[in-house]
Structures are given as C-alpha cells and as structure tokens.
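Engineer: Single-letter residue listing:
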Amino acid sequence: MDVLFGGLADAIRLLLSGDEDSWSIIALTLRVSLTATAIALLVGLPLGAAVALARFPGRRVILAAANTGMGMPPVVVGLFVTVLLWRSGPLGGLGLLYTPTAMVIAQGAIATPIVVALVAAALQQADPDFRVQMQALGATPIRALAALLGEARLPLLAGAMAAFGAVVSEVGAAQMVGGNLAGQTRVLTTAAVLATSRGQFSLAIAFGLILLLIAFGVNLSLTLIQQRQTVPR
Amino acid sequence: MRSRILVVLASLAMALLAGCGAAPGDPAPKSLILATTTSTQDSGLLDELLPVFTRDSGWQVKTVAVGSGQAIELGRRGEADVLLVHSPAAEEKFVAEGGAGARRLVMHNDFVLLGPEADPAKVRGTSSAEAMKKIADEQAVFVSRGDESGTHSKEKDLWSKAGVTPGGSWYQSTGQGMGETLRVASEKAGYTLSDRATYLTQRDTLSLEVLSEGDPGLLNVYHVIEMTKKAGDRVRTDGAKAFADWIVAPSTQRLIGEFGRAKYGQPLFTPDAGKDEAKLGL
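For the protein sequence lines, the chains are A and B, in the order given. Take the first sequence: its position 129, counting from 1, is numbered 129 in UniProt numbering, and each next residue is one higher. Take the second sequence: its position 209, counting from 1, is numbered 209 in UniProt numbering, and each next residue is one higher.
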C-alpha cells in the first residue's frame, strides 16, 4: 500500500513541480497519440463510410479485416513496423526507426482498424432511408453524407475515443519502434515500464496515474462535445 | 452540430501538422544507434554517461537496451552502429565473422548468485559451481533470464561447469530483463544470477541476498564493438568510432569508476580500458 500512496504523492509532485523530464514525457505522449488518432480518423472515416454505404467487391473482406484489426496486439504491429523501418528494410532509407514519427506510424496502424470498424457499424445502424430522403430533398451526395455523419456523431466520437484509448495505453509498439529514448521517444507507458524494471515502483505508479488523468481529460473533452445538444433538435 | 465535428477534425488535423513538424523525418545528421544490455540501462549508468558524450561530441545516441544476444544480432544486421555488451564468448565468435570492427575492453563488475535469506539449498559461501549443483540437487527454485543475454549465457556456463542440465518445474525462465527477473526471483523466494550493478541499485526493493560471490568465473566484462559497413551500408562508422573512442578515454573511465560510489557506497563498475584482458582472469 505504501507504494500506491507514494505513487499518488509522486504523481502530484511531478505535476506540480514542473519537472521538465516528466512534462516532456507527457507532451510527447499527447503529441504521438493524438497525431496517430487524427491519422486514423482521416483514413478510417472515409474508408469506414465507404464500407458501410457503398457496394463494391472486397467490402466484406475489408470489414472483417478491420474487425480483426481491432484486436491486434500492439506488439505485433510494432514488430511489423520495426522490420519495415530497419536500415536493411524497405523504408530503411528514411531513418525513421526510434523517432516519434515511427511511433505515430505504428499507433496509427493500431488505431485505424478501430475507426474503420466503429464508423462502419455506426453508419450501418443509422436509418438506411436517411440518405435516400436527403437526396430526394435535393441534397448532393456529399451533403447527404455530411448530414449522415452528423446524424451518427455519437458513435463516431465513441470511435475516436476508442482509438485514442487504444494507442495512448499501448506499450508494445511504442517500446519497439520508439526504443524508449530519454527525451526523444519516452512516453508515459514506456516510462512506467522502465521505472518498474528499475524498482522505482512509486514513480511507475505516478506515471500510470498521470496516464489515467490524461486519458480522462481527452475523453472528457470528447464526451462533452458528443453529449452537447443531444436533446432533439 | 456538423460544424462542431469539423472543429474537432480541424483541431486534430492541426495536432497532426504539429506532430509532423516536430518529428523530424530525415535522419539527424549526427545520430548513432547504440545496442547495449539491460544492465547498463537499469543501473542508470547510461543516463549518467550519454548526456556527457552528446555534449562532448555533438552525437545524439539512440540506445536500444536489450540482452547481449539481441544486441549482437542487431549489430550483425547493421541495425546498430556500436555495441556495449558483456558476453565475451559470443562476442569473439561474432567478431570472427568479420562484420564487426574494433572490439575494446571497457569495464567490468561481477556476477553474484542471489537467493532468499533462508537459503534452502545451503549455498551460502560456496563456490559458484558447487552452489549451482546444490540448487539443482535440492530442486530449489531458480529464476533464469532465459533471454540469451550476457547474464543468461554466464548462467548456462555455470550450469555446464557444475555438470547439470537444468530443467523441471524448479527452473523458471522469465525471458525478461535483469530488473524484472530480480523481482520474480524475490517474489518466488528463488535463486538467481545477477550482475552486481543491477542488484545494488535495486537491493532495497528485493528480499534477496548475495550468497555466492567472488570466484574468478563470475567476472562480468564489458566490451565496446564498432560495427563496419560490412554489416550494412547505413552503419555510421564515424559515430561508432566517436563513441568507442570516447568510452575508453581517461575522463570517461573516471566517470565510470565514480558511478554509484556516492549512492551505494561502492562503485558499480571498474574501468578497464587499455588493460590486458589476460590479467583480468578471462
């Protein structure tokens, strides 16, 4: 129990004292995971919408792949990305391994299937007649789609939260492609693992609590957006 | 409502741009990859040394802290520029393959055989080979790194010297770094082999004691190995040389000799650069 209270005290101390290392770890965690989530949304929204609304060959295969990808172990994604980014690998010339960019790539790959699957599910359960009605009312397909996205915003934002939650909490890929370099690629999860292996349990718990706080903060903002004006318009 | 979603998307896109801007896509001009062992990281030695190296030389160091076996494998593939490892037999074999360049002695400490205070196999004060034999005879819990690290290969050496092939439910393999393995051994009240540095830095959180130490077979010797273009076209041989030259330089060797003295009452590593390997008892 001492360790838990020590961890709480450490977390408060780290946050209040403005410890530079801790803040750079927090900033990097947010930067990498929010960027990865943004990429996943940019790729996943159109793909999920296409899978839900269009009819084309391979549609079900993509959907099944996305559903599988939702449960993909980050460490497997990390391994694939590492091998791709190795100096001897196909993308070795970019010199990206052990950089924040590599972490964004890996976390983007983890988050995208989640967005695709949840967007597809959200749009498919929206009223199928809605789009037809919009078009009958003279809306262009783009406007009709935008209206549909608005209609399905609750599950869509839930998708964004699920994607962010998955990447901000994963450690396998961040460790493997980032290398947990101090001041360069160390994020809260890898810092917690390192502190544990150094026997600094209070510090590890402090990082864990800060991670929880960040995840809560981001999800609180998204939930506030999601729940605003849910009363009938 | 749509506009709100657009605001969210726009802010995420901005975060994306900020992320790209701050995460350089091109390799830093002076950046090298050091593959090393978990003991140098878990003991905190690298945290002490690397900032000084970066300040002295301008080279940024990307440290990959893994078992010596994996570190050597990364070197073999040209994925690392310089290695700091402690698995002499594997290193000599590796250097003989030809992909590696200069290999130089850096420092040593020693391995210690740890166990619970109760010492069920009665190994306290015995030689390492005798202790291993007793542990096997008693089938007392032994926790092994099991990760092809330098510590793991030393442990396998000791078993073979004791004429034992370990196996069975008493022999447990974690496949993890030294810190985690110490923790498992402590929780299971088992025996384990550790480098002294990692043990000393974590002693306060463990219920493990040093039971057997000091025989020449327990020496833990670190070498620095520069990689060459033969291992891969993208190997930074200039960075490798800069790091290897720096770590054997007198001022760095002094830092190594001082490391941990204030906090643990004894230095964690003994600097050895330029010494004759034969005199270390290898």
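For the record, the hints were derived by calculation from the structure and aren't laboratory data. Computed from a predicted structure; not experimentally measured. Built from N, CA and C at the ideal position, the CB exists for glycine as well. Among these hints, one or two may not hold up.
[As the list claims (entries may be wrong)] Cβ-Cβ distance ranges computed for the label pairs, FRET-style:
| no. | chain 1 | residue 1 | chain 2 | residue 2 | range |
| --- | --- | --- | --- | --- | --- |
| 1 | A | Leu79 | B | Lys156 | 24 to 32 angstroms |
| 2 | B | Glu92 | A | Gly89 | 27 to 35 angstroms |
| 3 | B | Glu92 | A | Phe56 | 37 to 45 angstroms |
| 4 | A | Gly71 | B | Gly163 | 43 to 51 angstroms |
| 5 | B | Arg254 | A | Asp21 | 22 to 30 angstroms |
[Claimed, not checked] Stretch-level coverage of chain A by chain B, calculated; a stretch enters the list once three of its residues show a Cβ under 8 angstroms from a Cβ in chain B:
| no. | segment |
| --- | --- |
| 6 | 81–88 |
| 7 | 164–173 |
| 8 | 197–210 |
[To be verified] Chain B is nowhere near these chain A residues, computed Cβ spacing over 12 angstroms in every case:
| no. | residue |
| --- | --- |
| 9 | Leu4 |
| 10 | Ala9 |
| 11 | Ile12 |
| 12 | Ser17 |
| 13 | Leu53 |
| 14 | Arg59 |
| 15 | Ala65 |
| 16 | Asn67 |
| 17 | Gly95 |
| 18 | Leu97 |
| 19 | Ala121 |
| 20 | Gln133 |
| 21 | Thr140 |
| 22 | Met176 |
| 23 | Gly178 |
| 24 | Val193 |
Engineer: So which of those numbered hints doesn't the model satisfy?
Structural biologist: Hints 3, 7, 17, 18, 22, 23, 24 contradicted; others consistent.
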